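Chain residues, written in single-letter form:
There are 2 protein chains.
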Amino acid sequence: MEITDLQIGILGGGQLGRMVIQSAIDFNLNIHIIDPDPNAPCKDIAQSFTVGKLTDYDDVMAFGKDKDLITIEIENVNTDALKELQKMGKKVFPQPEIIELIQDKRKQKTFYKANRIPTADFVLTEDLADLKTHGYFLPGVHKLGKEGYDGRGVQVIRTEADLDKGFDKPSLLEKLIDFEKEISVIVSRNESGDIACFPVVELVFHKEANLVEYLFAPAEIPAKVEEAAYDLAKDVIDKLDMVGILAVEMFLTKDGDILVNEIAPRTHNSGHHTIEANITSQFEQHLRAILNLPQGATDLVVPAAMVNVLGEEGYTGNAKYQGINDLMAMEGVHLHLYGKKVTKPFRKMGHVTVTAKDAQQLKATVDKVKKTSKVIA
Amino acid sequence: MEITDLQIGILGGGQLGRMVIQSAIDFNLNIHIIDPDPNAPCKDIAQSFTVGKLTDYDDVMAFGKDKDLITIEIENVNTDALKELQKMGKKVFPQPEIIELIQDKRKQKTFYKANRIPTADFVLTEDLADLKTHGYFLPGVHKLGKEGYDGRGVQVIRTEADLDKGFDKPSLLEKLIDFEKEISVIVSRNESGDIACFPVVELVFHKEANLVEYLFAPAEIPAKVEEAAYDLAKDVIDKLDMVGILAVEMFLTKDGDILVNEIAPRTHNSGHHTIEANITSQFEQHLRAILNLPQGATDLVVPAAMVNVLGEEGYTGNAKYQGINDLMAMEGVHLHLYGKKVTKPFRKMGHVTVTAKDAQQLKATVDKVKKTSKVIA
Numbered sequence: 001m002e003i004t005d006l007q008i009g010i011l012g013g014g015q016l017g018r019m020v021i022q023s024a025i026d027f028n029l030n031i032h033i034i035d036p037d038p039n040a041p042c043k044d045i046a047q048s049f050t051v052g053k054l055t056d057y058d059d060v061m062a063f064g065k066d067k068d069l070i071t072i073e074i075e076n077v078n079t080d081a082l083k084e085l086q087k088m089g090k091k092v093f094p095q096p097e098i099i100e101l102i103q104d105k106r107k108q109k110t111f112y113k114a115n116r117i118p119t120a121d122f123v124l125t126e127d128l129a130d131l132k133t134h135g136y137f138l139p140g141v142h143k144l145g146k147e148g149y150d151g152r153g154v155q156v157i158r159t160e161a162d163l164d165k166g167f168d169k170p171s172l173l174e175k176l177i178d179f180e181k182e183i184s185v186i187v188s189r190n191e192s193g194d195i196a197c198f199p200v201v202e203l204v205f206h207k208e209a210n211l212v213e214y215l216f217a218p219a220e221i222p223a224k225v226e227e228a229a230y231d232l233a234k235d236v237i238d239k240l241d242m243v244g245i246l247a248v249e250m251f252l253t254k255d256g257d258i259l260v261n262e263i264a265p266r267t268h269n270s271g272h273h274t275i276e277a278n279i280t281s282q283f284e285q286h287l288r289a290i291l292n293l294p295q296g297a298t299d300l301v302v303p304a305a306m307v308n309v310l311g312e313e314g315y316t317g318n319a320k321y322q323g324i325n326d327l328m329a330m331e332g333v334h335l336h337l338y339g340k341k342v343t344k345p346f347r348k349m350g351h352v353t354v355t356a357k358d359a360q361q362l363k364a365t366v367d368k369v370k371k372t373s374k375v376i377a
Numbered sequence: 001m002e003i004t005d006l007q008i009g010i011l012g013g014g015q016l017g018r019m020v021i022q023s024a025i026d027f028n029l030n031i032h033i034i035d036p037d038p039n040a041p042c043k044d045i046a047q048s049f050t051v052g053k054l055t056d057y058d059d060v061m062a063f064g065k066d067k068d069l070i071t072i073e074i075e076n077v078n079t080d081a082l083k084e085l086q087k088m089g090k091k092v093f094p095q096p097e098i099i100e101l102i103q104d105k106r107k108q109k110t111f112y113k114a115n116r117i118p119t120a121d122f123v124l125t126e127d128l129a130d131l132k133t134h135g136y137f138l139p140g141v142h143k144l145g146k147e148g149y150d151g152r153g154v155q156v157i158r159t160e161a162d163l164d165k166g167f168d169k170p171s172l173l174e175k176l177i178d179f180e181k182e183i184s185v186i187v188s189r190n191e192s193g194d195i196a197c198f199p200v201v202e203l204v205f206h207k208e209a210n211l212v213e214y215l216f217a218p219a220e221i222p223a224k225v226e227e228a229a230y231d232l233a234k235d236v237i238d239k240l241d242m243v244g245i246l247a248v249e250m251f252l253t254k255d256g257d258i259l260v261n262e263i264a265p266r267t268h269n270s271g272h273h274t275i276e277a278n279i280t281s282q283f284e285q286h287l288r289a290i291l292n293l294p295q296g297a298t299d300l301v302v303p304a305a306m307v308n309v310l311g312e313e314g315y316t317g318n319a320k321y322q323g324i325n326d327l328m329a330m331e332g333v334h335l336h337l338y339g340k341k342v343t344k345p346f347r348k349m350g351h352v353t354v355t356a357k358d359a360q361q362l363k364a365t366v367d368k369v370k371k372t373s374k375v376i377a
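Protein chains in written order, with this note's numbering: chain A, 1 to 377; chain B, 1 to 377.
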């Protein structure tokens, strides 16, 4: 069957699905979306848009039954339905077993350990009482096994006095890593087993808020570390035997070691700059991977940074964008608005990619971007 | 009003409209399309899609009456309706008077002459009998005043024996220019009068078929010629007082002079490579111009070429794409399929942008691309 005849379904209709559709238009692909929100960012640009619950077996089955290929843009989906659809002969990428593994951080960490993938030491905790027996392990990070997302379900525990802040559900306690840098590699693999890595991205944290402030590429790391990061990302996707895009977030420790922090089996916030800055974007690469097409060249053509456009604190309601004209007047500033009607504090409303001749100009523009735009209600 | 609240209408739903929509998604704009073909490339990705005749007064009025801003992706539209919509307070860019000027090549050439814009010498001819009185003017090119498009309505007349091949309708006879190169500059202008030029593109002709084979940027021309080309493009858009994108195709003569050949008041085939190769694409620039946003930086980030994917001779029917996998395996090859169901000989079915480190690698890849893909039925 030609790729243009396939009916492709995506579970989730947020910004990641939206940017996949923008890319899919180039290949004239048929993309269908299911999302619980009738106003989801994909609603007007998908070939068809179904309102349904991604965690509901029946909704996912009803959506998937007339598709040829199914993929995701969010991990929190019903994998039993995906397994059943796979049995019916449909392609499901990433594979349902991998989505399950990643839905549960305890399984994810156990997988790393079993497969000798370097990661921070950890212990599993069943409940709060259990956690309290692991005071010797501090300082640590307590992570809820399931349903943590975008900062939720993660609690730093520095001393025994903080143990009460932990989760009373199956979780894991991880050693707090005093990292030098946090980096990310997006790796992809098609069904034939071809693997390609995007150049390493460096995440810059806001010192007070402990939030990712922006990302830039190329990362300012030694060539040896860079090579090690690629090897690690390839090793993870290979051992998972996964098809699709996998984002591998890593800690570069002060000793120069690299540890896997978290992985996401889908297009990822740390790859948005690839739309403008790389030969192939992560969104096209994901399509190439799941369609078993050759993996595209990933070279960075121009230095780039990515700044998330977040809902301003203190505003909830219909989104208004301040400073758009000023943003657009800055050289090398590329605006992406996700089409979300309602803003909330820290909601991802869009992003800005900055391209520049060198790292210095890049950082200067990033600073200006952060001061210029605001999403209010 | 915020740009995300505007209802924007485009007359025409072909590949140019499609690529405008792909870009408009970044700004979360509402784009509505009217096209006579119910299967036009824009049908699934526009906010709304209306089937209607672009040259019909009533169809254009009905489409435009609830829009705030109207633009075009093809010149052959009903300008009386556009003038009426303008009177109703809607923004119409490019302005209807400019569309009219460009619909008639006789008016276009007369405008150049009146405004001292350098162009090939010409005489107006009313019919075939009139043409035959201008044998002294040969060798020349006879061009139909109205409704010529994509090679139709143009006839080279080298000797008096060929005069019978001319048009029996109002036309113009232009001196045949023995040009060194054909080049193109895409220029844009917003309502505030800000003007930006994209780097000069060079058109490479197929020697036997007398067809544009491919384009590449940057053009291999002296800096002095480049500057003169920008000055000329800016002069044309300024004298037209136009808002939007204007493609200015020019001859570089063997004497080093630059003459305007033809202009198009819309996004253009000679700017497709800007999607991958320039900081701002021509499609985003058009949106910036008609929304009166600052004009984006136009710098070329990487050398690029553009090859049209045309319907193969001898095939008419439902399109099949040969060699897609091989194309996608080539480094720096970016495929754009326009989603046209039916192929015909020489129909524009898509294009390929090639990006490469240097001109040599660019041309090597272009040669491979031309041999690799075919659109058949």
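Hint data in this document are derived by calculation from the structure and do not stem from the laboratory. Computed from a predicted model, the values in this text were never measured in an experiment. Treat the hints with care, as some may be off.
Treat identical chains as interchangeable: a pair holds within one or across any two.
[Claimed, not checked] Below, a list of computed lysine-lysine pairs in the PhoX-like style, where the Cα atoms sit at most 25 Å apart:
{"no.": "1", "residue 1": "Lys107", "residue 2": "Lys91"}
{"no.": "2", "residue 1": "Lys370", "residue 2": "Lys146"}
{"no.": "3", "residue 1": "Lys254", "residue 2": "Lys165"}
{"no.": "4", "residue 1": "Lys43", "residue 2": "Lys165"}
{"no.": "5", "residue 1": "Lys344", "residue 2": "Lys91"}
{"no.": "6", "residue 1": "Lys87", "residue 2": "Lys370"}
{"no.": "7", "residue 1": "Lys90", "residue 2": "Lys344"}
{"no.": "8", "residue 1": "Lys374", "residue 2": "Lys239"}
{"no.": "9", "residue 1": "Lys107", "residue 2": "Lys132"}
{"no.": "10", "residue 1": "Lys374", "residue 2": "Lys363"}
{"no.": "11", "residue 1": "Lys90", "residue 2": "Lys113"}
{"no.": "12", "residue 1": "Lys132", "residue 2": "Lys83"}
{"no.": "13", "residue 1": "Lys107", "residue 2": "Lys67"}
{"no.": "14", "residue 1": "Lys43", "residue 2": "Lys67"}
{"no.": "15", "residue 1": "Lys370", "residue 2": "Lys67"}
{"no.": "16", "residue 1": "Lys146", "residue 2": "Lys224"}
{"no.": "17", "residue 1": "Lys107", "residue 2": "Lys87"}
Cross-check of the supplied hints:
1. In this homomeric assembly, Lys107 and Lys91 come within 25 Å of each other (Cα to Cα) only inside a single copy, at 24 Å, whereas the closest approach across copies is 58 Å.
2. In the homo-oligomer, the alpha carbons of Lys370 and Lys146 never lie at most 25 Å apart, since the shortest distance is 33 Å inside one protomer and 51 Å across protomers.
3. When the C-alpha separation of Lys254 and Lys165 is checked against a cutoff of 25 Å, the pair qualifies neither within a copy, at 28 Å, nor between copies, at 79 Å.
4. In this assembly of identical chains, Lys43 and Lys165 lie within 25 Å of each other by CA distance neither inside one copy nor across copies; the values are 39 Å within and 53 Å between.
5. In this homomeric assembly, Lys344 and Lys91 never come within 25 Å of each other (Cα to Cα): the closest approach is 36 Å inside a single copy and 34 Å across copies.
6. Taking identical chains as interchangeable, the C-alpha atoms of Lys87 and Lys370 are never at most 25 Å apart, the minima being 48 Å within one chain and 41 Å between chains.
7. When the C-alpha separation of Lys90 and Lys344 is checked against a cutoff of 25 Å, the pair qualifies neither within a copy, at 37 Å, nor between copies, at 34 Å.
8. When the C-alpha separation of Lys374 and Lys239 is checked against a cutoff of 25 Å, the pair qualifies neither within a copy, at 42 Å, nor between copies, at 38 Å.
9. Taking CA atoms no more than 25 Å apart as the test, Lys107 paired with Lys132 passes inside one copy only; the shortest distance there is 21 Å, against 86 Å between copies.
10. Proximity of Lys374 to Lys363 under the C-alpha cut-off of 25 Å is restricted to the intra-copy arrangement: shortest distance 19 Å within a copy versus 45 Å between copies.
11. For the homomeric pair Lys90 and Lys113, neither the shortest alpha-carbon distance inside one copy (32 Å) nor that between copies (64 Å) is at most 25 Å.
12. Proximity of Lys132 and Lys83 under a CA criterion of 25 Å is satisfied in neither setting, with 38 Å inside one chain copy and 76 Å between copies.
13. Proximity of Lys107 to Lys67 under the C-alpha cut-off of 25 Å is found in neither arrangement, the shortest distances being 30 Å within a copy and 53 Å between copies.
14. In this homomeric assembly, Lys43 and Lys67 come within 25 Å of each other (Cα to Cα) both inside a single copy, at 18 Å, and across copies, at 21 Å.
15. With identical chains, the CA atoms of Lys370 and Lys67 are never at most 25 Å apart, being 42 Å at best within one copy and 34 Å at best between copies.
16. In this homomeric assembly, Lys146 and Lys224 never come within 25 Å of each other (Cα to Cα): the closest approach is 35 Å inside a single copy and 64 Å across copies.
17. Taking the shortest alpha-carbon separations for Lys107 and Lys87, only the intra-copy value of 24 Å comes in at or below 25 Å, while the best inter-copy value is 66 Å.
Of the hints listed earlier, those the structure fails to meet are numbers 2, 3, 4, 5, 6, 7, 8, 11, 12, 13, 15 and 16, in rising order.
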